[in-house]
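Colleague: Take these sequences, add in the hints, and give me the full structure.
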Amino acid sequence: MPSVLVLSGWAFIPLALTFYFAFLSYNLQDPENTGWAGLSNFYYFFKDPFFVKDLINTIVLVVGVIVTTVVGGVFLALLLDQKFWGRGIVRLLVIAPFFIMPTVSSLVWKNLIMHPVFGLTAEIQRFFGEHQPFDWFGRAPLFSVGLIVAWQWLPYAALILLTALQSLDEEQKDAAQMDGANAVNYFWHIVLPHLARPITVVILIETIFILNVFAEIKVTSVGGFAGNLTYLVFSQLNDANDVGMAAAGGLVAVVLANIVSALLVRFVGKNLEA
Amino acid sequence: MGSITLEHVNKSFGTHQVIPDVNLTIEDGDFVVFVGPSGCGKSTLLRLIAGLEDTSSGRILLDGQDMTDAGPAKRGLAMVFQSYALYPHMNVYNNIAFPLKMAKLDKATIDAKVKDAARILNLTEYLERKPRQLSGGQRQRVAIGRAIVREPIAFLFDEPLSNLDAALRVNMRLEISELHQQLKTTMVYVTHDQVEAMTMADKIVVLNAGRVEQFGTPMELYRTPANRFVAGFIGSPRMNFVDGAEATKYGVHAIGVRPEHITLSTTEGAWAGEVGVAEHLGSDTFLHVTCGPLGTLTVRAEGEKPLSHGDKVWLTPQPGRIYRFDKDGRTLAAA
Numbered sequence: 635m636p637s638v639l640v641l642s643g644w645a646f647i648p649l650a651l652t653f654y655f656a657f658l659s660y661n662l663q664d665p666e667n668t669g670w671a672g673l674s675n676f677y678y679f680f681k682d683p684f685f686v687k688d689l690i691n692t693i694v695l696v697v698g699v700i701v702t703t704v705v706g707g708v709f710l711a712l713l714l715d716q717k718f719w720g721r722g723i724v725r726l727l728v729i730a731p732f733f734i735m736p737t738v739s740s741l742v743w744k745n746l747i748m749h750p751v752f753g754l755t756a757e758i759q760r761f762f763g764e765h766q767p768f769d770w771f772g773r774a775p776l777f778s779v780g781l782i783v784a785w786q787w788l789p790y791a792a793l794i795l796l797t798a799l800q801s802l803d804e805e806q807k808d809a810a811q812m813d814g815a816n817a818v819n820y821f822w823h824i825v826l827p828h829l830a831r832p833i834t835v836v837i838l839i840e841t842i843f844i845l846n847v848f849a850e851i852k853v854t855s856v857g858g859f860a861g862n863l864t865y866l867v868f869s870q871l872n873d874a875n876d877v878g879m880a881a882a883g884g885l886v887a888v889v890l891a892n893i894v895s896a897l898l899v900r901f902v903g904k905n906l907e908a
Numbered sequence: 435m436g437s438i439t440l441e442h443v444n445k446s447f448g449t450h451q452v453i454p455d456v457n458l459t460i461e462d463g464d465f466v467v468f469v470g471p472s473g474c475g476k477s478t479l480l481r482l483i484a485g486l487e488d489t490s491s492g493r494i495l496l497d498g499q500d501m502t503d504a505g506p507a508k509r510g511l512a513m514v515f516q517s518y519a520l521y522p523h524m525n526v527y528n529n530i531a532f533p534l535k536m537a538k539l540d541k542a543t544i545d546a547k548v549k550d551a552a553r554i555l556n557l558t559e560y561l562e563r564k565p566r567q568l569s570g571g572q573r574q575r576v577a578i579g580r581a582i583v584r585e586p587i588a589f590l591f592d593e594p595l596s597n598l599d600a601a602l603r604v605n606m607r608l609e610i611s612e613l614h615q616q617l618k619t620t621m622v623y624v625t626h627d628q629v630e631a632m633t634m635a636d637k638i639v640v641l642n643a644g645r646v647e648q649f650g651t652p653m654e655l656y657r658t659p660a661n662r663f664v665a666g667f668i669g670s671p672r673m674n675f676v677d678g679a680e681a682t683k684y685g686v687h688a689i690g691v692r693p694e695h696i697t698l699s700t701t702e703g704a705w706a707g708e709v710g711v712a713e714h715l716g717s718d719t720f721l722h723v724t725c726g727p728l729g730t731l732t733v734r735a736e737g738e739k740p741l742s743h744g745d746k747v748w749l750t751p752q753p754g755r756i757y758r759f760d761k762d763g764r765t766l767a768a769a
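So the protein lines, in turn, are chains A and B.
Quick note on our numbering: the first sequence kicks off at 635 and runs consecutively.
Quick note on our numbering: the second sequence kicks off at 435 and runs consecutively.
To be clear, the hints were calculated from the coordinates, so they are not data collected in a lab.
Any given hint could be a false lead.
A few chain B positions that, by computed beta-carbon distances, are all more than 10 Å from chain A [claimed, not checked]:
{"id": "1", "residue": "Q451"}
{"id": "2", "residue": "S517"}
{"id": "3", "residue": "P727"}
Stretch-level coverage of chain B by chain A, calculated; a stretch enters the list once three of its residues show a Cβ under 8 Å from a Cβ in chain A [as the list claims (entries may be wrong)]:
{"id": "4", "region": "505-516"}
{"id": "5", "region": "734-747"}
Subject to a maximum C-alpha distance of 16 Å in a straight line, what follows is the list of computed EDC-like cross-link-like pairs (lysine to aspartate or glutamate) [claimed, not checked]:
{"id": "6", "chain 1": "B", "residue 1": "K618", "chain 2": "B", "residue 2": "E461"}
{"id": "7", "chain 1": "B", "residue 1": "K761", "chain 2": "B", "residue 2": "D677"}
{"id": "8", "chain 1": "B", "residue 1": "K618", "chain 2": "B", "residue 2": "E487"}
{"id": "9", "chain 1": "B", "residue 1": "K508", "chain 2": "A", "residue 2": "D808"}
{"id": "10", "chain 1": "B", "residue 1": "K618", "chain 2": "B", "residue 2": "D636"}
{"id": "11", "chain 1": "A", "residue 1": "K807", "chain 2": "B", "residue 2": "E487"}
Heads up, the beta-carbon is just placed ideally off N, CA and C, and yes, glycines get one too.
Modeller: Given below as structure tokens:
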């Protein structure tokens, strides 16, 4: 019983406070103006010119990264499932990006790889005679953030799919061969259906986490162009010092995330039953 | 059509030689069983015929045509696997239709063939089900259905009954034999169970460590085993072997007598012994008799023989039913 109290307090108090703040006029730059705000926080959050843009960014980021990591993950898993020398070490290396903190990997990508002056890509472009290397974060901010996030999540997808591949019965391959299936047929009719369940699990987990991507956007300072809803909430709080508005935005994000995950869980649940 | 010929077939995995040098001709329409202890290379031999493994040297001829380097699908063979290897996400209909779809037949032909196979195998009402909604026996039949629709020149079975319980195994054994009678297609069947081999085969290949120990009809193997290994492998319970002084009396290294060729007496006989375990099966009684220096011998007695642990008995081998083996295990003329 005490543990239930502690746990529910731990979970509900922040949510309850957020809920409370969302209906207050609570701007640190305007401390005179207090009291109930009604629904105006929500009204202005939705009317914020960044809201629609960041909502679209969020969706593009989630969908784009998931498509990339699932397709790339299947491909990588197929490669890693082959027998080759040093397979154990390669498998270990492949998972490495997943262990690196998002802030650290973002810094590395931003300053060492994609930097328009000092970065590796700039160096390569100059080697091929390009005098004005591509400015990733300036010209394609959302794509660049997506690239970093996809790099982090690709190992996860590959690893889950690899374990699934290894549970595929060898005799099925033999049977398919006897039945006259070539490599493409085998992949399409046997391997891919076998991977359907792990793929839905990967989609579910990645959706939940990529909806909340923040470090990559903050570290690469592209929030103004490629911000998502999480970043918008942060900027309401940090840049505009508007606690009430941030709380309202947080609630909107929570509701959206819940709708998405409820839909996904139903979809995945159906898939896992079948 | 449907003969299979192996000429000097040899298979090595790295430096490890699994099949040394096999020569074998399987006639069209025969039901041939490969039998041997686990690890004897019988499954490898079957996979070589199927084309799922490459031969290291030698030739494989199907219907007189050299198919040594042809892919599995090109050989016109169908295989039923130990795990059935049904495609779990496809229903029964699509499982059976899969090889036909791969062969790019038109929809109407596929439909007719699948329905036909389902009718023969009593699967018509299960066509919409997924494999996991089927019992072991039904899965087995789907696997056979998938093989039948291809109209192969020969069927290959890789221990197809080992995942079934005892009662179902007897049933499926009959069904497969019945199917062979109906289709008259060559069938090659791998098992470690000598009862399956004896009951189903037209001809049996006994394999040991990749070598063909003997190739012949079940009764030939039973009556005239070529060597001690075959003698011990064919027949249930297995043959009793006696070596040492008693064998020297017969002028050989070892002698063998089957449990059913020993006369049992409670008063007199050649070998005296004491009953150890007595297995009363109703129709038969198997007695494990300890005979001093001869070791423990198994004897088949009539069903309701009232003998039990500790009883004194005498055993006499039936004349003309004693097998004699030289020191390399080869069979010599019977005594």
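Colleague: All hints, please: hold or fail.
Modeller: Hints, one by one, checked against the model:
no.	hint	result
1	Q451	22 Å, holds
2	S517	5 Å, violated
3	P727	49 Å, holds
4	505-516	holds (count 8)
5	734-747	violated (count 0)
6	B:K618 <-> B:E461	12 Å, holds
7	B:K761 <-> B:D677	10 Å, holds
8	B:K618 <-> B:E487	27 Å, violated
9	B:K508 <-> A:D808	14 Å, holds
10	B:K618 <-> B:D636	12 Å, holds
11	A:K807 <-> B:E487	13 Å, holds
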